[in-house]
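Participant: Protein sequence lines, in the order shown, are assigned to chains A and B.
Yeah, the first sequence ends on 297 if you go by the numbering used here, and it's all consecutive.
Yeah, the second sequence ends on 535 if you go by the numbering used here, and it's all consecutive.
Accuracy of the hints is not assured; some may be wrong.
Interface residues of chain A toward chain B, partial, derived using beta-carbon atoms under 7 Å [to be verified]:
1. Lys-41
2. Pro-43
3. Tyr-45
4. Ala-52
5. Pro-53
6. Glu-116
7. Ile-120
8. Gln-134
9. Arg-141
10. Phe-163
11. Trp-168
12. Leu-201
13. Leu-207
Everything labelled a hint here was simulated from the structure, so no lab data went into it.
Quantities reported herein were computed from a predicted structural model and do not represent experimental measurements.
C-beta: ideal position from N, C-alpha, C; glycine also.
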Amino acid sequence: MRAYTPKDNVQKKPYYTDRYWVAPQVAKHDVSSDEVFAADLEAIKAKFDVLDAYIQVEQMVVVINAHDNFAVIEMLKNERAYNQLSEMSAIDWLATEGKFEIFYQMLSMTKRKRVRIKCKIDEKESIQSVEKLFRSADWSEREMYDMFGVVVNNHPFMKRILMPDDWEGFPLRKTYPLQGDEFAAWYEVDKIFGKEAREIIGPENRDPARIDRYDTERFSRLGHEVPFGTDITQGEPDTPLVYQESEGVFLIEKFDAEKSVVISDRDR
Amino acid sequence: MQQSNRLRPFFENITFDRADNEMILNFGPQHPSAHGQLRLMLHMQQEQITKAHPDIGYLHRGMEKMAENMIYNEFMPTTDRMDYIASSSNNYGFALAVERLIGLEVPRRAKVIRMMLLETNRLMSHLFWLATTALDIGAMTVFLFAFREREYLMDLIEDYCGARLTHSAVRIGGVPLDLPDNFIGDLRKFLDKLPENIKDYEDLLDTNRIWLMRMENVGVISTEMALSWGCSGVMLRASGVEWDIRKEEPYELYDEVEFNVPVSDKGDNYARYKLYMAEMRESAKILYQVLDMYEGTEPALMAHAPQYISAPKLDIMTQNYSLMQHFVLVTQGMRPPVGEVYIPTESPKGELGYYINSQGGAYPYRLKLRAPSFWHTGILTDLLPGHYIPDVVSIIGTTNIVFGEVDR
Numbered sequence: 030m031r032a033y034t035p036k037d038n039v040q041k042k043p044y045y046t047d048r049y050w051v052a053p054q055v056a057k058h059d060v061s062s063d064e065v066f067a068a069d070l071e072a073i074k075a076k077f078d079v080l081d082a083y084i085q086v087e088q089m090v091v092v093i094n095a096h097d098n099f100a101v102i103e104m105l106k107n108e109r110a111y112n113q114l115s116e117m118s119a120i121d122w123l124a125t126e127g128k129f130e131i132f133y134q135m136l137s138m139t140k141r142k143r144v145r146i147k148c149k150i151d152e153k154e155s156i157q158s159v160e161k162l163f164r165s166a167d168w169s170e171r172e173m174y175d176m177f178g179v180v181v182n183n184h185p186f187m188k189r190i191l192m193p194d195d196w197e198g199f200p201l202r203k204t205y206p207l208q209g210d211e212f213a214a215w216y217e218v219d220k221i222f223g224k225e226a227r228e229i230i231g232p233e234n235r236d237p238a239r240i241d242r243y244d245t246e247r248f249s250r251l252g253h254e255v256p257f258g259t260d261i262t263q264g265e266p267d268t269p270l271v272y273q274e275s276e277g278v279f280l281i282e283k284f285d286a287e288k289s290v291v292i293s294d295r296d297r
Numbered sequence: 128m129q130q131s132n133r134l135r136p137f138f139e140n141i142t143f144d145r146a147d148n149e150m151i152l153n154f155g156p157q158h159p160s161a162h163g164q165l166r167l168m169l170h171m172q173q174e175q176i177t178k179a180h181p182d183i184g185y186l187h188r189g190m191e192k193m194a195e196n197m198i199y200n201e202f203m204p205t206t207d208r209m210d211y212i213a214s215s216s217n218n219y220g221f222a223l224a225v226e227r228l229i230g231l232e233v234p235r236r237a238k239v240i241r242m243m244l245l246e247t248n249r250l251m252s253h254l255f256w257l258a259t260t261a262l263d264i265g266a267m268t269v270f271l272f273a274f275r276e277r278e279y280l281m282d283l284i285e286d287y288c289g290a291r292l293t294h295s296a297v298r299i300g301g302v303p304l305d306l307p308d309n310f311i312g313d314l315r316k317f318l319d320k321l322p323e324n325i326k327d328y329e330d331l332l333d334t335n336r337i338w339l340m341r342m343e344n345v346g347v348i349s350t351e352m353a354l355s356w357g358c359s360g361v362m363l364r365a366s367g368v369e370w371d372i373r374k375e376e377p378y379e380l381y382d383e384v385e386f387n388v389p390v391s392d393k394g395d396n397y398a399r400y401k402l403y404m405a406e407m408r409e410s411a412k413i414l415y416q417v418l419d420m421y422e423g424t425e426p427a428l429m430a431h432a433p434q435y436i437s438a439p440k441l442d443i444m445t446q447n448y449s450l451m452q453h454f455v456l457v458t459q460g461m462r463p464p465v466g467e468v469y470i471p472t473e474s475p476k477g478e479l480g481y482y483i484n485s486q487g488g489a490y491p492y493r494l495k496l497r498a499p500s501f502w503h504t505g506i507l508t509d510l511l512p513g514h515y516i517p518d519v520v521s522i523i524g525t526t527n528i529v530f531g532e533v534d535r
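Sequences are here, hints too, so could you generate the full structure?
Facilitator: This is the structure:
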C-alpha cells in the first residue's frame with residue numbers, strides 16, 4: 030500500500046519524529062507587566078473585542094476580530110502613536126483550522142514599542158485594506174494576495190506583485206508543493222508555444238547542474254574539446270591543445286610561473 | 128504591435144499613438160541603472176512623469192517557501208542571497224531572530240566579531256552604493272575609487288570566512304571562526320586610511336555642479352510619506368526622523384559603543400548622499416571601539432546550549448555525547464520552542480526584520496522576511512510623478528534598493 034500523504038499540507042515533513050516530544054513554549058507574559066502596553070491594551074479594549082493579549086519576546090500581541098482590523102489600526106495610529114506599519118502578512122492554518130491568520134506588525138517610534146495585531150479569517154473571507162492608513166500596506170497586501178490568495182477589500186490595485194499576473198495557485202499556501210505544481214512546470218511552454226507543444230518540447234529541465242557528458246552540442250570539457258556535435262559515445266578522439274600565444278602573438282605572452290610575482294601585502 | 132504591411136515607426140519600448148499625447152515608457156527590467164531587475168512603467172507627458180508603476184518579481188526565488196522546507200541552519204546560506212551587497216547583515220538578522228526565539232545568550236567574543244562583520248558590511252554596502260550611484264550619474268572616477276576601497280574590505284572578509292560576496296559568516300548561537308591573525312591589523316590600516324578616502328569622494332562630488340543639479344531638491348520625501356511607506360534606514364533619517372534601531376532598540380554591543388546618528392530634514396537625494404557619507408564615518412568610529420574590545424574576551428565563540436547548538440569541534444572529536452548531539456542537530460535540525468518572534472535589525476539598507484512562527488518543529492512554520500528595499504521600491508509609485516526621466520536614475524540610485532531583497 031502506498032504511504033499516506035496528506036493533501037492539505039505538502040510541506041516537507043521531518044524524517045524522524047518523536048511521539049513523546051513535547052515542545053517547550055516561548056514565554057508569554059501578562060500585558061500588565063509593561064505599563065505602556067497595558068495602557069494601549071486598555072484603549073483597545075474600551076472600544077473593541079480583544080480575544081487574547083500577551084507579551085512575547087518584548088512585543089505585545091493582540092488578537093482581535095477580523096472585521097475590526099481597520100478601526101483598531103486606525104486607533105493605534107491616530108491615538109496611540111503607532112506611526113509605522115513595518116510588516117503585514119498571513120499565515121496558512123487551512124490544514125488545521127481552515128483559516129488564515131493575518132498579522133500587522135506596528136511600530137511606535139516615540140514609545141519605542143512594537144505591537145503585533147492578529148486576526149483570523151476563513152479561506153473564502155476577505156479582509157479590509159489598511160492602505161488608507163499606511164501606504165506601505167499597498168504592496169504588503171498585494172504580496173499577501175499573491176502568496177496566499179487572501180482578497181483585500183477596498184485596495185486600489187489588487188493585483189499580483191511578485192508572480193506573473195496569469196499565474197495559477199498561491200505559492201505560500203501549505204497545499205502548494207515546493208517544486209511547483211503542474212501549471213508551474215509547464216508555464217513557459219504553455220505560454221509561448223501552447224499546451225499542444227508540451228509533448229514535442231518535453232518537460233523543462235529545471236536542474237541547472239545537470240551535465241550530459243556525451244552531449245557535445247551543449248557541454249564541453251576544458252582540455253578535451255572536440256568539434257561541435259561530434260559523437261563521443263564510442264570513445265572520444267584525443268584533441269591536442271593549441272594556444273595562440275605559443276605561436277607568438279603580438280603583446281601576448283605565455284604565462285611563466287618563474288617570472289610572475291605574488292603580491293602578499295596589498296598595503297591596505 | 129508591429130505590423131509588417133504598414134510603414135509606421137515602431138519602437139519596442141515606446142507607444143506614441145495615444146489620444147492625449149501621453150507616452151508610456153518601459154524602463155527596465157534590463158536597464159543598467161535599474162540596480163537589478165526593476166521594471167518601471169512610466170506614464171509621461173513630454174519629459175515629465177505623471178504616473179509610475181514599479182513592477183517587481185523578476186528575481187523572486189520563493190525564499191519564504193524554501194524556509195518552510197528547511198531546517199534552521201540550512202536556511203542561513205539562503206539569507207546571503209537577499210541583500211547580497213552586505214550578506215553578513217542578513218545572516219546576522221536571521222541568527223538573532225532564532226536566538227531570541229530560543230532565548231540564547233551569545234559569548235562576548237562572538238558578539239565582538241559580529242559587530243566587526245556588521246560594520247564592515249555596512250561600509251562595503253555604502254561604498255558600493257556610492258560607486259554605483261555615482262556611476263549612474265556619470266562620475267566614473269568615484270566608482271573606481273569606491274570599488275578600490277570595497278575590494279580591500281572584501282579581501283578582509285575573505286580572510287575571515289573565505290567568501291567575498293555570500294559570506295554566511297554568522298551562525299545561530301555565535302560565529303564559526305575566530306579572527307585570523309592579520310585581521311585586526313589590516314582592518315586598522317584600512318580604517319586609518321578611510322577618512323582621507325571619504326574626503327576624496329567628497330572633494331569630487333560635493334561641489335560638483337552636475338552632481339548637485341542631479342541631487343539637490345530631487346526626489347524629496349516628506350516625513351509623512353516616509354513613515355507611511357514604511358521607510359527605514361537612511362531613507363527615513365534623510366526625511367527628518369531620527370530613528371536608528373542600533374540606537375533605539377540596541378542589539379549586540381551597540382549600547383556599549385559611542386556613535387552618532389546623522390539626520391537630515393531635507394529629504395532629497397543630496398541629503399541621503401550626505402547621510403551615507405556620514406554613516407561611513409560613524410561605522411569607522413564604531414569599528415575602532417570594537418577593535419579595542421576584542422582583546423581580553425574569552426575564547427568561546429558559540430553559545431553553550433546542547434539542545435540547539437553543536438558543541439565545539441574539539442568536544443565533537445573527543446566526546447561521544449557531543450558527537451551524538453551534533454549528529455542529531457545536523458540530520459534533524461534544532462527544534463526551537465513554540466512561539467513567534469519579530470526581530471528587526473538595522474541593516475545597511477534599513478530595517479531588516481525576520482518574523483518566525485515556530486510550532487516546535489525542525490522547520491519554521493512561517494518565516495516572513497521584512498526587507499527594507501521592498502518598500503523603498505514601492506515608494507517610487509508616489510515619488511516619481513512630477514519628476515523627469517534623468518531624475519528617475521538618480522532617485523533609484525539614492526533609494527539604494529537591491530533586488531535580491533525586494534523579490535526575495
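Participant: Just pull the numbers of the violated hints for me, sorted ascending.
Facilitator: Hint check: nothing fails, all pass.
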